[in-house]
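Make a model of the complete structure from these sequences and hints.
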Amino acid sequence: MSKKYIDEFVKLPVSKMAQKITDMTYLHDNTEVPKAHYQKLLQQEVLEMMAQDSTMECILLNAILGQLQALQKKALSYS
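Numbering (the working numbering), first residue to last: 1 to 79.
Everything labelled a hint here was simulated from the structure, so no lab data went into it.
Here a beta-carbon is modelled for each residue, glycine too, at the ideal position from N, C-alpha and C.
Do not rely on the hints blindly, as some may be mistaken.
[What the hints assert, rightly or not] Here are the simulated DSS-like pairs of lysine-lysine, each with C-alpha atoms no more than 25 Å apart in a straight line:
id, residue 1, residue 2
1, Lys-20, Lys-4
2, Lys-20, Lys-40
3, Lys-3, Lys-16
4, Lys-16, Lys-40
5, Lys-4, Lys-16
6, Lys-35, Lys-4
7, Lys-3, Lys-20
8, Lys-35, Lys-16
9, Lys-11, Lys-35
10, Lys-35, Lys-20
11, Lys-40, Lys-11
[Stated by the list, open to error] Label pairs and their in silico Cβ distance ranges:
id, residue 1, residue 2, range
12, Thr-31, Tyr-78, 34 to 42 Å
13, Thr-31, Ile-59, 25 to 33 Å
14, Ser-79, Lys-11, 53 to 61 Å
15, Leu-12, Thr-55, 47 to 55 Å
16, Gln-43, Met-1, 26 to 34 Å
17, Thr-55, Glu-8, 38 to 46 Å
18, Val-10, Lys-40, 14 to 22 Å
19, Ile-64, Leu-42, 27 to 35 Å
20, Phe-9, Thr-31, 29 to 37 Å
21, Pro-34, Ile-6, 46 to 54 Å
22, Lys-20, Gln-72, 19 to 27 Å
Here's what the structure looks like:
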């Protein structure tokens, strides 16, 4: 199986990853995004990034809501 770009990319330090993403963004639509922007994102903790993603918020809230509804249903069955 041949190596892919991602195989080498994940081995890079964060600063070089950020520069590569900046380069790819520019190649895609001639938009310059500062390397620092990507570097900041790459250094965020996963939970912090998930908290900023509204889709993830909905998934987590739906899971919590489902658990609460199940508990409520179970509590009502005892009364």
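(message) So if I understand the rule, the pair passes when the alpha-carbon distance is 25 Å or less; does Lys-35 with Lys-16 pass?
(response) Holds. Lys-35 to Lys-16 sits at ~9 Å (cutoff 25 Å).
(message) What's the verdict on Lys-40 and Lys-11, does the C-alpha distance respect the 25 Å limit or exceed it?
(response) The hint holds at about 18 Å.
(request) With respect to the beta-carbon atoms only, verify the hint that Ser-79 and Lys-11 lie 53 to 61 Å apart. (result) holds, 59 Å
(request) Please test the hint of 26 to 34 Å on the beta carbon pair from Gln-43 and Met-1. (result) Once the Cβ atoms are compared, 31 Å apart, the range 26 to 34 Å for Met-1 and Gln-43 holds.
(message) Within 34 to 42 Å: is that where the Cβ-Cβ distance between Thr-31 and Tyr-78 falls?
(response) Given range 34 to 42 Å: violated, Cβ gap about 59 Å.
(message) Please check whether Val-10 and Lys-40 have a Cβ separation lying inside 14 to 22 Å.
(response) Holds, at about 19 Å.
(message) Holds or violated: Lys-20 and Lys-4, Cα atoms, limit 25 Å.
(response) holds, 15 Å
(request) For the pair supplied as a hint, Lys-16 and Lys-40, confirm whether the alpha-carbon distance does not exceed 25 Å. (result) holds, 12 Å
(request) Check the following: the C-beta atoms of Leu-12 and Thr-55 are separated by a distance inside 47 to 55 Å. (result) Because 27 Å falls outside the window, the suggested range is violated.
(message) Between the beta carbons of Lys-20 and Gln-72, is the distance compatible with 19 to 27 Å?
(response) For Gln-72 against Lys-20, whose Cβ atoms are near 50 Å apart, the range 19 to 27 Å is violated.
(message) Against the 25 Å threshold, does the CA-CA distance of Lys-35 and Lys-4 hold or violate the hint?
(response) holds, 23 Å
(message) Does the beta carbon distance between Thr-31 and Ile-59 stay inside 25 to 33 Å, or does it fall outside?
(response) Holds - the Cβ-Cβ distance for Thr-31 and Ile-59, about 30 Å, lies within 25 to 33 Å.
Violated hints, in rising order: 12, 15, 17, 20, 21 and 22; the structure is consistent with all others.
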